[in-house]
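**Q** Using the sequences provided together with the hints, build the complete structure.
Chains A, B and C are the protein sequences, given in the same order.
Numbered according to full-length UniProt numbering, the first sequence spans residues 1 to 468.
Numbered according to full-length UniProt numbering, the second sequence spans residues 1 to 319.
Numbered according to full-length UniProt numbering, the third sequence spans residues 1 to 268.
If you are wondering where the hints come from, they were derived from the structure by calculation, not from laboratory data.
Here a beta-carbon is modelled for each residue, glycine too, at the ideal position from N, C-alpha and C.
A couple of the hints might just be wrong.
Pulled a few chain C residues facing chain A out of the computed Cβ check, cut under 7 Å [to be verified]:
#1 Met1
#2 Gln47
#3 Thr64
#4 Val245
#5 Met248
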Amino acid sequence: MFYNEMFEGSEVRAPYAMLSDWVDTMPADMRQMKQAEAEALFRRIGITFAVYGEGGDPDRLIPFDMMPRVFLQGEWRRLERGIKQRARALNAFLRDVYSRGEIIRAGRIPARLVYQNAAYEKAVVGFVPPRGVFSHIVGIDIVRTGRDDFHVLEDNCRTPSGVSYMLENREIMMRMFPALFRNNRIEPVDQYPEILRRTLASVAPAKCADEPTVVILTPGHFNSAYYEHSFLANLMGVELVEGNDLFVDAGLVYMRTTEGPKRVDVIYRRIDDPFLDPLCFRKDSMLGVPGLMDVYRSGGVAIASAPGAGVADDKAVYTYVPEMIRFYLGEEPLLQNVPTWTLWKEDDYKYVMANLADLVVKEVHGSGGYGMLIGPKASKDEIARFADLIRANPDNYIAQPTLALSTSPTFVAEGVAPRHVDLRPFCLCGDRLELVPGGLTRVALREGSLVVNSSQGGGVKDTWVLSE
Amino acid sequence: MLCRTAANLFWMGRHLERAETAARLLDVGARMTLLPNTEAGYRNEWESLLRAAGSQHSFAGSYGDSITQENIESWLFFDKENPSSVTSCLEQAREGGRIVRTALTSQVWDALNVAFQELRDLSRRLRSQVDTSMLTDFTTRHGATVRGAINASQLRNDGWHFINLGYSLERADATSRLLDVKYFVLLPRIEFIGSGLDNYQWQVILRALSAHRAFHWAYGGEITAGKVADFLILNGESPRSLLSSLYEAVWNLDRLTRRYGEAVPASASALAHETLERLMAHDIDAIFDEGLHEFLSWFIGEIGSISDAVHDDYFSGRM
Amino acid sequence: MKLKILHETSYSYDAPIEALAQSLRLTPSVHEGQRVGEWRISVSGGQRGAGFRDGAGDWVEGWTVRGPIDKVVVTIQGLIETRDTAGVLRGHRETINPLVYMRSTPATRSNDALQALAHSVKGEDGLDLAHELSAAVHGAIAYVPGATEVWTSAAEALALGQGVCQDHAHALIACARARGLPARYVSGYLHSNLDGTPHDAAHAWAEIHVGTLGWVGFDAANACCPDDRYIRLGSGYDAPDAAPVRGMAFGPSRESLDVRVHVEEIQQ
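**A** Listed below in structure tokens is the structure:
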């Protein structure tokens, strides 16, 4: 059965006690009015999910559900410890595999999975970034399956997106329902941009003498996450640059300003590794900065997240994160992994092929809910077709049981009904680890659906942590 | 400020002003057709409008020979094939604003975005429900809202100067081109000069520049070609005159020069000052002697050069 | 051998460029087979950024040139003493795990013909197999200058049966990886061909990782292992990745290239 976060039988659970009244006393027409108001606000502010080249409305809104998702402080503190533990272990792993590779020498993770991984970046080997941090923003996707049971679905160590929704969802809720915030003690999240700026400044390279200049590097305004890039730059008070705005001169990076070149110390990049530097990676990249990697490796600039950080969030490497926690931290994992079958192991392969109808199968490098099979929802034909794909390249797949994702109350046409949710909190790693009390809750708006991705009919909610 | 940001702000200003110009051209054309007594009928006026907008050939590319009021409305307001249509300009201004979102206040972004959303709604309506004055009103109303938001909320920093530089150079260019419409209209019928029709056409231009009443405050009496031209070229109180527009550009360039100091080249400022001096050395009789069209062509060329110099000085991204 | 190197690359542009950024791997590797006397890199009108030794043990320097400029000359002048180590790369400090060099690239991607070639030979052990593979590639691709282009892949060169040292190296790398041996591309200089004629061009060969011996060089073009006639600069997955000079000019200009290499033995 699914864990219902609001109800235990007919009893309302503690976190949702006051929301229960709020919902019961809200007239239906009021709800519709507020929903329309929220939508108009999102559109006006311009938070749209730009999708170019697919026809239809190029400025799509991600559906926003006004019903918040609530955690008690005690629940959150436990989650927080687990998330920080995981972020620490992932960074320790990255530090290790780009130097001596102790965890591999110790036989705790297969060498092949790391060194033959497409995300493993030769150009970073032997380099230790400032403060030893490779992944400065770790987004960890978490699902709940019981009152005390949380599982990590996936780690995002490169450039996890979605934090702008966490901030805007809160902003809009506060604008529309100020009374809810006055009458409840909801921990704030709006300090996130300042903490992010401080985190980035704390990893400035040694060659930076003054107050570090931080910039956000975007692939440009056609990128679907451009809104988030410009939103964060705005709240952090830093420049939002494109590759062409930057250039390398005599071993340092500068940006082109109306008053001449200005030195840049820390680059929070929102472009993928292959596009960072055409001299080092893809020659045809027009998005990057020629010579950037040489400056990076010689300590002239910091890049967040470090190139090559993606080797830690690979779905195959994921299965070894509990092992990393034990190996580097000497601790037991506080958050559990979802049990995962890796199809390059013969026993796992046999089991998975025999039970496809009950399992979720994912591509190792896939994302966004594409390239996956949800066994219980798939037709016989779909399963047969997917089985052929697996047979052709078993290394490319992992399988997991279909998870009993918890449900959170959600506004639907008939009123309020349970819908499945997940959670992406954002852990910041610099001179210390920080986590704001909240995150992005994604909700599968279709009844019974377990897919929360915005590209496939998912929506978002505000996520509350109640002070006690 | 990033060079790219400065360039985007400058062009945002230009596109916003250009959207208004397209709407004003539309208004001039619509009013001129209310006088049915030219031999070639309406067609003549509309054609002159296209020539003034510099888009005679591209119009023909989309609509062929069919110069009708509805096609011109489409072309000047809705058509995305026309880079100077209201829709194109507003979309470019909004996209430019989105790119430099961090350099705009939320009020400005909000105003731009609302204009953009309403433009979309408008373009979905049936054409039979939309008339010319509605389109011009829409454009001037949103233009004023955005400009108001800029002046009320933006910091008076270099970004503000770049936006206003864009506005003022574009306006100098636009007023020149609108004045030139008159030239194109009259070109085939030189005997109309000084006729009642001639004066009516001058009035229309005043109206299109929202300067009809201001003109009367400033000059009074009968509308003559000399007075109108003086008002729109050399009068420093007239908000859209060439002198006022150029003066505003010079002022913004001076501010930038002072702010940036000697390390940043100031060729645009020097050129603008020189053009301003030459403009002020003219009186209206001299301009008519020289030929209005020749004078306007010179001036449009100068504005182009100043704009190029702004690019070289501030947007080229010297390493 | 004591060798003197002069390597000059001139970049000419049909219109002045705004700037040029380069990443240079033009300094000899540090290993038992070579000892550098003096070594000078200069870029006309250029500024040297910081240098560093990367995970593959190569010394990398970033250089930038500010325009407007229409010609840039990169000059290497050096003296080096080399020793024959029978191709074995000993005393070379690197941190990259050999497994990383199992990765295939467009230039070294395998196909049926390369697989067939790779499996046409037998070897007692890794080293033996590597020698056999090198000989097989030498036999399958005739040395014909001008037959291939810089972007020709291993598969294309094998189908053509002709190529230059770059093609031999790519084909050998593809074959070695097909047999489970990590392999990489090495760029450098060659003093003279086996018959003693001066080489006077940059050279390239492959290195194959063979168990306990580590990395061993194989020059399939010349059917030998690198000896004291070879100077090793740097390595990579394939020719573009191992390129001693990587650069990008800002500006719409077209670039033309002129390269002169001279390697001369100095008599004691």
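**Q** Does each hint hold? Answer for all of them.
**A** Here's how the hints hold up against the structure:
no., hint, result
1, Met1, "violated, 31 Å"
2, Gln47, "holds, 4 Å"
3, Thr64, "holds, 5 Å"
4, Val245, "violated, 10 Å"
5, Met248, "holds, 4 Å"
In the structure shown, a violation is registered for the earlier hints numbered 1, 4, in ascending order.
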